[in-house]
Amino acid sequence: MTIPEKTPVGRLKVFLGYAAGVGKTYQMLDEAQQLRAKGMDVVVGYFEPHARRDTIALTEGLEFVPRRKFEYRGSAFEEMDTEAILRRKPAVCVVDEFAHTNVPGSERLKRWEDVQVLLAAGIDVFTTLNVQHLESLNDEVWHITGVRVRETVPDWVVDAADEVVLVDLTPRALQNRLERGVVYATDKAKKAMENFFTETNLTALREMALRHTAHEVEGRLSDLPEPARAPAEAARPGLEPPARHERILICLTERPSTAMLIRRGKHVADYLHADCLAVHVERHASGSGRGARSRTLEKHLSFARNLHIETHVLTSKDVAQAIVDFAREQNITQIFLGRAGAKPLWKLTDGTVHRVVRLARDREITIVAERRR
Amino acid sequence: MPAGIDRRPSPDELLRRVQAEERRERRGRLKVFLGYASRVGKSFRMLDEGRRRKERGQDVVAAAMQSPLTPDLEALLNKLDSIPTLKETHAGKEYDVLDVAAIFRRHPQVCLVDELAYDNPPGSRNPKRWQDVDNILDQGVAVITAVNLQHIEEQQEDVERITGKRARQTVPESFLRSADEIVLVDAALDDLRKRAGVLEPVDERRFAELRELALLLAADVIDDQLMTYLRSNGVELRWGTQERILVCVTPRSDAAAMLRSGRRNVDRFHGDLLVCYVRQSGLSPKDQETMDANLALARELEAEVHVLEGPDPIGAIMRFAREQRITQIFVGHSAPDRWKEMWSRSPVDRLIQAADDIDLRIFPHLLAQ
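Heads up: the protein sequence lines correspond to chains B and X, in order. Oh and the first sequence: position 53 is 53 in this note's numbering, straight run, nothing missing. Oh and the second sequence: position 87 is 460 in this note's numbering, straight run, nothing missing.
Incorrect hints may appear among the rest.
Unchecked claim - For lysine-lysine, the following DSS-like pairs were computed, each having C-alpha atoms within a straight-line distance of at most 30 Å:
hint	chain 1	residue 1	chain 2	residue 2
1	B	K110	B	K89
2	X	K538	X	K567
3	X	K501	X	K460
4	B	K190	X	K427
5	X	K659	B	K13
6	X	K452	B	K38
7	X	K567	B	K38
8	B	K69	B	K188
9	B	K13	B	K110
10	B	K13	B	K38
11	B	K191	X	K427
12	B	K188	X	K427
13	B	K89	X	K501
14	X	K452	X	K567
15	X	K460	X	K427
Unchecked claim - DEER-style ranges, computed between Cβ atoms:
hint	chain 1	residue 1	chain 2	residue 2	range
16	X	R604	B	Q33	29 to 35 Å
17	B	E298	X	T601	54 to 60 Å
18	X	E386	B	H50	55 to 61 Å
Stated by the list, open to error - Some but not every residue of chain X turned toward chain B, in silico, with C-beta under 10 Å:
hint	residue
19	G401
20	K404
21	S547
22	F548
23	I555
24	A560
25	A561
26	D564
27	E585
28	A591
29	D732
In short, the hints are calculated from the structure, not lab data. For each residue, glycine too, the CB sits at the ideal point set by N, CA and C.
Here chain B stands alone, though its shape is the one from the complex (with noise of 0.2 Å):
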C-alpha cells in the first residue's frame, strides 16, 4: 500500500461585513477577478445574486459550479454541490453565506461545514459573512436589534481563517442603497430599514464588526516575527508580575439561560486567551433510572462542544462542592456560574452559586448576568 501525498489545506479568506448591501460579496467577486485575470483556476461554488445588478455584472466570465437540486417535503431547494467542486478540483471556490443552513437531507447541516470539506481537500475558500452571525455575539446582538439570529457559525472556524477582511460601508451610504432598490426590492427595503436596518442597529453592528476583525488580527499576531522594539516602550507601570495561563470553567444547567453562559464564558475565554471548560454535576448518575439526563442538558453539552470546549458530566450530592474539588484539581482560574434566577431574598442563601462562592474562596468566581431586552 501506498501512502498518499498529504495535501497541504486550502486557505480560508472571510469578507466580514454587518448587514446586507455593504459589498461583501461585490468584493469577493472583485478579487475572484482579479486571480481570474492572473490566470488562476477560479470557480463559484454559491453565489446569492439578489438581483443586484452591480455584484451580477462582476460574476461575468467566471465558471459556475451548477447547484445541486433536489426535493425536500414537495418543494424544490438548490444548495452548494460540494461533491462536484470536489471533483472540479478548482484552486479557488468562491462560496457565498458561509453561515447558511442546508436543507435537511443534505450531506452536511451547514455550509461552512461544507467549507471545511473544501479545504481539506486543498482548495482555497473565499467566503462572505456578517458579524451578527458569530456565534460569541449572537446575544449582544438580541439586545441591541431584538433580533435573535439562528444562522450563527462557531468562532473557532472563523479564527482558524488565513484572513478575515473587513468590508465597511457607513449607515448613511447603506441606508442610501436601500432606499435606492440596490439592496432590495423597494417594498421590501422599507420594511428592513423600518425593523433591522435603523440607525442604531447599523452603527452598533458596524462597531461590533471593527472590534471583531481587530480581534481577528490580533489572534494572528502570535504567527508573525515580533520585531525589536526601541527601548523607549517599556512595560507599563505595575503590570508585574506577568499575567498567569487562565483557565476558565463554565458550569452548565439545565436552564434555559445556559446558552447564553456559554457564550459568554466562551468569548472571555478566546479574549483573555485561557483554556476553556465545562462541567455539569448530576445528583444521580445517569442510566440509574432516576438520572436519565434530560434532552435540554444534552443540547446545552453538545453546544458546548461545537465551540470547542471540553465538556465534563460529574456525580455528586453536593453539586457546589463538587464543582469547587473539580476546579481546584484541574487549576481553574476562573469559575462562571449563571444566575440562579429570580428567586426571593431569603431563599437565596441555599442556592448553589452562594455556595460556590462560599466554598472557593481561593478562586476568581464570576457570576453571569442575564442578558434581556
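Following the hints, complete the assembly by docking chain X onto the known chain B.
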C-alpha cells in the same frame, strides 16, 4: 428599539443641540476614509465615491491627489473635474497647496482631498491642510478625504512603539472625530503583499499591529457616534458593544490584584477601566493608608477613578455601574466569618442579588490565599 431608560434632555442641553444642529446644517459634510498603510486602497475608494456621486448628478471636484498616480486612479480621476493644487517652493522644497480660493469661487457640492495630513509651507493661509479643509467645510462644501492611522496626532505614541518612528505631518484626532462619516479601508496582509511585492516578516507584524489600531480607532469613533445618537433620541443601551470594567476597591480587599487583573482584561478587550470606592467615615489611619495606595495604583494603571457617596454602598455602586454602561464589576470576597454568615448576608451576597444585569467577578480575599 433597544431596552433602555428614558433620559429626557434639559432645556440647556436642547438649546445646545439646536445650535450645534444649525452649525452642522450650514457646514459641509466631512467623510474620511481611514487606512493603516499606503496601498490599502483609500484613494481608490475616495475617487470611486466621487465618480458615483457625479453619476448621480452631484458637482464633484478633485482638489488634491497624491502623486504619482497609479493607472486605475488616473482613470478614475480623468472622469472628474479637478482644481489643481498650487505648486510652491520654499527653502528648496516643493509643496502642493490646496487652492482654497479657487475652490471657494467654484463652490462645488463635493470636494475630494487626498492626503489630509499635509504641512503647508510657511506663509500659507493655514499651516496644515486639514485646516484648509475645515475652511472649505465652513463654506458649505462637502469634503471627502483620506488619511492613514500613522498620521493621527494622538496615535503617535503607539505608532512609534510599532514602527520606531513618529509621523512628521499629523492631523488631530478631534478633527477625525468631527467627521460625519468615517470609513475604515481594510485590507488583508495578502492584499498588501500583492500590491507591495514581498514584505519582510517584521513589516508584516508592524502592518498587522497598525491594522488592529486603525480598526479599534474606527470602532471608538463609531461608538461615540452611537452614544450621541442614542442620547439625542433619549435612549440608553444597557450594554454597549465595548467591555467596560468597574473595579470596586475597599481598604480590605486585595485591590492590587483586582486592579492589575482589571488592567489586563481591559487591554485584552480594548475596553475601559473604571475604579470606584464608596466613601466611608471613620477609617483607621492604616486603612486610610491602604486606600490611598490602592487609588494611587489605580491612577498609575490609567484607570478612571470615581468616589461615590451614599449611605447604601451596594446601591451607589449599582447606580454608578448602570449609568456608566459597565459590563463587568470586579469585587473582592468578604472576609470569611462563618458565624456571621449563619444569620446575615455578606455585602458580596447582596451585590450578587443586585447585579442581575451586569457580570460580577468575585476575587479571592487576601487572607484566604
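Margin query: Holds or violated: the hint that G401 (chain X) contacts chain B, with Cβ atoms closer than 10 Å.
Written below: violated, 15 Å
Notebook entry, point to check: Within 30 Å, alpha carbon to alpha carbon, are K89 (chain B) and K501 (chain X)?
Noted result: Measuring from Cα to Cα gives roughly 55 Å; hence the hint is violated.
Next item on the list: Using 10 Å as the Cβ threshold, decide whether F548 (chain X) counts as touching chain B.
Entry: violated, 18 Å
Note to self: The hint says 54 to 60 Å between E298 (chain B) and T601 (chain X); measuring C-beta to C-beta, is that right?
What the structure shows: violated, 46 Å
Notebook entry, point to check: Do the alpha carbons of K501 (chain X) and K460 (chain X) lie within 30 Å of each other, as the hint requires?
Noted result: The given pair, whose Cα atoms are some 15 Å apart, holds under the 30 Å limit.
Checklist line | A561 (chain X) as chain B interface residue, shortest Cβ-Cβ below 10 Å | finding: Where the cut-off is 10 Å and the nearest Cβ of chain B is about 4 Å from A561 (chain X), the hint holds.
Next item on the list: May I ask you to test the interface hint for K404 (chain X) with respect to chain B, counting a Cβ-Cβ separation under 10 Å as satisfied?
Entry: At 8 Å from the nearest chain B Cβ, K404 (chain X) passes the 10 Å test, so the hint holds.
Note to self: Under 10 Å is the threshold here; is the Cβ of E585 (chain X) close enough to any Cβ of chain B for the hint to stand?
What the structure shows: Holds, because the Cβ-Cβ distance from E585 (chain X) to chain B comes to roughly 4 Å (cut-off 10 Å).
Notebook entry, point to check: Is 55 to 61 Å right for how far apart the beta carbons of E386 (chain X) and H50 (chain B) are?
Noted result: violated, 43 Å
Notebook entry, point to check: Given the hint that K567 (chain X) pairs with K38 (chain B), does the C-alpha gap stay at or below 30 Å?
Noted result: Holds - the C-alpha atoms of K38 (chain B) and K567 (chain X) are around 12 Å apart, at most 30 Å.
Next item on the list: Quickly compare the C-alpha distance for K69 (chain B) and K188 (chain B) to 30 Å and report which way the hint goes.
Entry: holds, 27 Å
Check: Is it true that R604 (chain X) and Q33 (chain B) lie within 29 to 35 Å of each other by Cβ?
Finding: Distance hint for R604 (chain X), Q33 (chain B) is violated at roughly 44 Å.
Violated hints, in rising order: 5, 13, 16, 17, 18, 19, 21 and 22; the structure is consistent with all others.
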